[in-house]
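2 protein chains.
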Amino acid sequence: MQARIFVTLKNGVLDPQGKAVATALHSLGYEGVGAVRQGKMFEIDIAAADRESARAELGEMCERLLANTVIENYEIEIVD
Amino acid sequence: MQARIFVTLKNGVLDPQGKAVATALHSLGYEGVGAVRQGKMFEIDIAAADRESARAELGEMCERLLANTVIENYEIEIVD
Numbered sequence: 001m002q003a004r005i006f007v008t009l010k011n012g013v014l015d016p017q018g019k020a021v022a023t024a025l026h027s028l029g030y031e032g033v034g035a036v037r038q039g040k041m042f043e044i045d046i047a048a049a050d051r052e053s054a055r056a057e058l059g060e061m062c063e064r065l066l067a068n069t070v071i072e073n074y075e076i077e078i079v080d
Numbered sequence: 101m102q103a104r105i106f107v108t109l110k111n112g113v114l115d116p117q118g119k120a121v122a123t124a125l126h127s128l129g130y131e132g133v134g135a136v137r138q139g140k141m142f143e144i145d146i147a148a149a150d151r152e153s154a155r156a157e158l159g160e161m162c163e164r165l166l167a168n169t170v171i172e173n174y175e176i177e178i179v180d
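Going down the list, the sequences are from chains A and B.
Okay, so the first sequence: first residue is 1 according to my numbering, each after it adds one.
Okay, so the second sequence: first residue is 101 according to my numbering, each after it adds one.
These aren't lab readings, by the way, just hints derived from the structure by calculation.
The beta-carbon is built from N, C-alpha and C at its ideal position, and this holds for glycine as well.
Hints may be right or wrong, so weigh each one.
[Stated by the list, open to error] Once the Cα atoms are required to be at most 27 Å apart in a straight line, the calculated DSS-like pairs of lysine-lysine come out as:
| # | chain 1 | residue 1 | chain 2 | residue 2 |
| --- | --- | --- | --- | --- |
| 1 | A | Lys40 | B | Lys119 |
| 2 | B | Lys140 | A | Lys19 |
| 3 | A | Lys40 | A | Lys10 |
| 4 | A | Lys40 | B | Lys110 |
| 5 | A | Lys40 | A | Lys19 |
| 6 | B | Lys140 | A | Lys10 |
| 7 | A | Lys40 | B | Lys140 |
| 8 | B | Lys110 | B | Lys140 |
| 9 | B | Lys140 | B | Lys119 |
[As the list claims (entries may be wrong)] Ranges of calculated distance between the beta carbons of each label pair, as one might list FRET restraints:
| # | chain 1 | residue 1 | chain 2 | residue 2 | range |
| --- | --- | --- | --- | --- | --- |
| 10 | B | Glu131 | A | Gly29 | 44 to 54 Å |
| 11 | A | Leu28 | B | Val113 | 35 to 45 Å |
| 12 | B | Glu131 | A | Glu77 | 20 to 30 Å |
Could you put the whole structure together from the sequences, leaning on the hints where they help?
Shown next as C-alpha cells:
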C-alpha cells in the first residue's frame, strides 16, 4: 500500500520560505501569484492489514515524527 | 484560484532524507514501513483567467524555479 502525507504550516504561522518563493516568482514576472505556502510531502510504502489500520499507523507516525504538531498540520492520503 | 504543486525526486535519484525518515520510523517500531520518499509541496494562490492558463503559468514556474527538472518531477493540482 502506498500513502502520501502532506505536512503544512498552520495558518498564522510565519512562512519565510513561502514568502521567499512568492518574491522570487514576482521578480520572474508572475504578478498573478498571491500567497505561497511551502510544505513537505512524504510518499510511504506501508504493509498493513487494511486501509484503516494503515491510516491509524500513519497518523501515529505524523504525531511522533513527521510533523511538529505545535506549528504544523498533516493530511494523510492512502493512494492504493 | 488555489493550486498545489508537488515536487518529488525522480526514480533512481538517491533520497538520503527519505532513507533517514525510513530508518527513524523503523527505530520507532514501524516495521511495516518500506521505502519513504520526501518531497516538497507548494500551495499557491494565483489569479488567472481560467484553469488552463493557470496550469500553463504554474508549469512555467515549476520549470523556471520550483523544481530542478534534472532530478525532480512536478505535479500540478488546481484545487479550486
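We went through each hint and held it up to the structure:
1. A:Lys40 / B:Lys119: Roughly 15 Å separates the two Cα atoms, so the pair holds.
2. B:Lys140 / A:Lys19: 15 Å, holds
3. A:Lys40 / A:Lys10: Status holds; Cα separation ~13 Å.
4. A:Lys40 / B:Lys110: Roughly 16 Å separates the two Cα atoms, so the pair holds.
5. A:Lys40 / A:Lys19: 16 Å, holds
6. B:Lys140 / A:Lys10: Holds, at about 16 Å.
7. A:Lys40 / B:Lys140: This hinted pair holds, its Cα atoms lying about 5 Å apart.
8. B:Lys110 / B:Lys140: Holds - the C-alpha atoms of B:Lys140 and B:Lys110 are around 13 Å apart, at most 27 Å.
9. B:Lys140 / B:Lys119: 16 Å, holds
10. B:Glu131 / A:Gly29: 44 to 54 Å: Since B:Glu131 and A:Gly29 have Cβ atoms about 50 Å apart, the given range 44 to 54 Å holds.
11. A:Leu28 / B:Val113: 35 to 45 Å: For A:Leu28 and B:Val113 the Cβ distance comes to about 25 Å; the hint is violated.
12. B:Glu131 / A:Glu77: 20 to 30 Å: 22 Å Cβ-Cβ, so the 20 to 30 Å window holds.
Figure legend: structure checked against the earlier numbered hints; the only hint not met is number 11.
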